[in-house]
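Novice: So the chains spell out like this:
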Amino acid sequence: MIKLLNRVQKERAQGLLVEIEKAAQAIGRSLVLMEVCGTHTVAIAQSGIRDLLPANIRLLSGPGCPVCVTDTADLDDVINLAERPEVIIATYGDLIRVPGSVSTLQEKRSQGANVQVVYSALDALQLAERNPDSEVVMVGIGFETTAPTTAVVLEQAQQKDLRNFSVFSLHKVVPPALRALLTDPEVRLDAFINPGHVCTILGMEPFYFVSEEFHRPCVIAGFEPSDILEAILMILNQHRSGNWKVEIQYRRAVRPEGNQVAKTYLERFFQPVSARWRGLGVIPDSGLALKPEFAAWDTEQKLAGVRTTAATDSGKRKKGPPCLCGPILKGQKQPGDCPSFGQACTPLRPVGPCMVSTEGACAAYYRFGVGRK
Amino acid sequence: MCLAIPAKIIEIKDSMATVDIAGNTREVGIVLTPEARPGDFVLIHAGFSIQLIDEKEAQETLALFEEWADKEFGPEGVDD
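Line order of the protein sequences matches chains A and B. According to this note's numbering, the first sequence is numbered sequentially starting from 57. According to this note's numbering, the second sequence is numbered sequentially starting from 4.
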């Protein structure tokens with residue numbers, strides 16, 4: 057029985073499950089669907105949807121947790137910055153516990169580094185105003201949902217001529233990662249359950265290539281269990297009809313054109329660059345760097361020697377138990393396949409980022425008992 | 004991290020708004036939804052409103068969030 061639903065939603069979910077069962081039988085062959093968003097991963101693990109689906113419908117978790125896909129070399133650069141006495145690091149919470157190649161931001165903080173957890177980039181800006189003798193570095197983590205908020209704060213820093221604030225942009229964009237997965241010969245995927253709030257910003261257009269070039273369904277889904285079930289049914293119906301398209305299930309929060317104001321902010325402040333993703337490697341045009349005219353607020357342009365570890369063997373930790381976060385982010389492995397999962401690696405003592413972030417597949421599967429040995 | 008939660012706008016002052024999120028008030032940036040007015044429901048992400056939403060759907064989503072929050076520290080959800 058599906059968990060955590062009120063009566064109306066439960067009836068709706070049960071009706072959808074019946075329809076899904078019929079559609080899956082009609083299709084016959086097995087289908088692999090990937091949920092791209094970490095918030096979906098949590099909702100699916102919590103509600104128990106995975107266990108309720110027909111045997112030929114498999115759900116995989118994808119690279120949709122921003123902290124998880126942040127590359128070790130990038131994280132090492134942030135950790136090195138934290139060691140500078142004049143620097144205050146402002147970051148979203150989960151990142152401070154993610155192991156870099158030799159340390160974490162949390163460890164550096166316990167050794168005296170100034171690392172502040174913020175809820176919003178606005179908080180980082182205020183931190184800079186309150187600490188005029190320090191350089192506040194906002195670690196820009198997140199996808200298209202979060203990057204516009206960084207852009208607004210950059211605009212405010214510019215308007216206030218705030219010179220002790222900069223952004224170390226590790227922001228990433230989702231569509232090139234989907235392309236990378238679809239062109240990876242080692243990955244087999246039949247459809248995407250698309251991230252709802254990324255699409256609140258982007259709308260449908262950036263995902264048309266999934267249906268047009270790769271002939272696969274792409275359904276933008278909400279976060280309630282019945283939303284996810286409806287999206288799965290929409291995907292199965294596309295497979296039955298052979299009519300591939302991008303569809304919006306999450307109509308209450310996603311307009312076909314997205315949020316034009318937020319998209320304009322992205323275009324004004326950022327430009328696409330190659331970025332390295334944990335598990336997926338370097339993906340062209342998948343990162344967001346600040347445009348040259350904002351160099352005064354770009355940590356990489358402003359402070360010397362920020363990119364210290366770019367040449368190191370990326371993604372490899374120098375110590376500790378094995379970690380399968382990389383293949384897990386590609387859907388090649390499941391959390392339960394990792395020898396450290398639930399043993400050497402738990403939310404209290406995480407080995408890799410997928411167990412650190414509450415949105416990581418390992419943390420979600422562990423917490424809700426999915427595939428635990 | 005791409006979590007966004009519904010809130011009701013109480014008051015707007017320049018680029019900031021006071022919003023009600025399930026009974027708690029907080030200040031959020033409103034720049035990304037310039038069309039929002041007091042009384043409107045919006046989705047909040049990382050301290051900013053990112054989209055106007057319908058009131059009825061906002062209430063339903065909030066009810067679900069409360070249900071989730073209640074279970075947050077419970078045994079592993081409720082099954083019947």
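Derived by calculation from the structure, the hints in this document are not laboratory data. Positions of the beta carbon are idealized from the N, C-alpha and C atoms, including for glycine. Do not take every clue at face value.
Claimed, not checked - Here's a subset of chain B near chain A, in silico, CB distances under 8 Å, partners left out: (1) Gly-32; (2) Gly-50; (3) Ile-56.
Stated by the list, open to error - Chain B regions said to be covered by chain A (calculated; three or more residues, Cβ under 8 Å): (4) 5 to 12; (5) 39 to 47.
Novice: Report holds or violated for chain A covering the segment 5 to 12 of chain B, Cβ cut-off 8 Å, minimum 3 residues.
Specialist: Result for this restraint: holds, n = 3.
Novice: Would the hint on Ile-56 of chain B stand, with a C-beta cut-off of 8 Å toward chain A?
Specialist: holds (6 Å)
Novice: Verify the coverage statement for the segment 39 to 47 of chain B against chain A, using a C-beta to C-beta distance below 8 Å and requiring 3 or more qualifying residues.
Specialist: With 1 residues closer than 8 Å to chain A, the segment 39 to 47 of chain B misses the three-residue bar; violated.
Novice: Is the interface hint satisfied for Gly-32 of chain B? The criterion is a beta-carbon contact with chain A at less than 8 Å.
Specialist: holds (6 Å)
Novice: Return the status of the interface hint for Gly-50 of chain B: holds when the least beta-carbon distance to chain A is below 8 Å, violated otherwise.
Specialist: holds (2 Å)
Of the numbered hints stated above, the single one contradicted by the structure is hint 5.
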